[in-house]
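J.: Spelled out, the chains give:
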Amino acid sequence: DAKTTQPPSMDCAEGRAANLPCNHSTISGNEYVYWYRQIHSQGPQYIIHGLKNNETNEMASLIITEDRKSSTLILPHATLRDTAVYYCIVRLRGTGGYNKLIFGAGTRLAVHP
Amino acid sequence: ETGVTQTPRHLVMGMTNKKSLKCEQHLGHNAMYWYKQSAKKPLELMFVYNFKEQTENNSVPSRFSPECPNSSHLFLHLHTLQPEDSALYLCASSPSEWSGGASDTQYFGPGTRLTVL
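Residue numbers (my numbering), protein chains in the order written: chain A, 415 to 527; chain B, 2 to 118.
So here's chain B without its partners, still in its complex pose:
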């Protein structure tokens, strides 16, 4: 139903590891988003890409590095993370044209549950 897939679904990594999260959308959207959801906290917007260009970075530490090679794919590269970075990382996509209707709806993937040891 969602049209947005994320891999892997679960990831355990050490603080010195480098890993990447992948998001793919099959909805023809041009805007893609990364959110972080820590335990018992609201979703926090991390990055926004619109037509492959990064348009928002909400003061995210540089150990998180996003990449958007095309409108269908979004990556989040991780390196030297901290245990407090353990969270559910969610990807979403939406059309980028402002129409004020249902086409502006964001569709979310199932998320990647990340644990940093």
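Next up, chain A with everything else stripped away, as it sits in the complex:
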């Protein structure tokens, strides 16, 4: 299993960019990097995913290094509602063709006014 390493917590000022790092040095060539977040006592919410190219959607941008050993999730203009635990996950394939997510401790992002 590819494991990920994230800082336990980060702070960000409202309106500024939040850059959340993730190390996944044992990732294999066909494994995707997924990012989810979990606002307090709610179910995790999908944010973005990528294989080797940088990706952007309406929520965030994902920058993956060329060697794929690390990535950064960027929230370009953080708001108070972005306060949550952010999980970086390397997705594994389940035996039945479904995806399998192994959640770590994540990064607790606090956005301050």
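Careful: at least some of the hints might be erroneous.
[Said to hold, decoys possible] Simulated crosslink set (DSS-like; lysine-lysine; CA at most 27 Å straight-line): (1) Lys417(A) x Lys37(B); (2) Lys42(B) x Lys23(B); (3) Lys514(A) x Lys53(B); (4) Lys514(A) x Lys42(B); (5) Lys41(B) x Lys514(A); (6) Lys514(A) x Lys37(B).
[Stated by the list, open to error] Residues of chain A placed beyond 10 Å of chain B at every Cβ, according to the derived structure: (7) Met424; (8) Gly429; (9) Ser442; (10) Pro490; (11) Thr493; (12) Arg495; (13) Thr497.
Everything labelled a hint here was simulated from the structure, so no lab data went into it.
In this text, all values refer to a predicted model and were calculated from it rather than measured experimentally.
Backbone N, C-alpha and C define an ideal beta-carbon position, used for all residues, glycine too.
Starting from the structure of chain A, add chain B where the hints point.
T.: Same frame as chain A, now just chain B:
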């Protein structure tokens, strides 16, 4: 937004009670999942159903009994639970075809907050 609903949202039960958690997804997915999240711990995968067949049981005690009557519904039957089983129980669903794209994304419900007295 989520397309996955869970009932009840909160449940308090005694150790001798029998209760059931329900999950329903309206996304046309064929894989459904139960996760447990205890206080200050990462999510733990409990069970996986793919096309109504259980494909994973991560050493979950038998006092938790899942049931998947069809691809849209998933139940978790609870009996003789212990106080340490108190947690947030999350259901998720996803397509079961491996495509490597966004269609493999898991969508989570809001969870059931369970308290065992």
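J.: For every hint, state whether the structure bears it out.
T.: The hints, checked one at a time:
no., hint, result
1, Lys417(A) x Lys37(B), "holds, 20 Å"
2, Lys42(B) x Lys23(B), "holds, 23 Å"
3, Lys514(A) x Lys53(B), "holds, 17 Å"
4, Lys514(A) x Lys42(B), "holds, 18 Å"
5, Lys41(B) x Lys514(A), "holds, 21 Å"
6, Lys514(A) x Lys37(B), "holds, 15 Å"
7, Met424, "holds, 18 Å"
8, Gly429, "holds, 24 Å"
9, Ser442, "holds, 13 Å"
10, Pro490, "holds, 20 Å"
11, Thr493, "holds, 17 Å"
12, Arg495, "holds, 14 Å"
13, Thr497, "holds, 17 Å"
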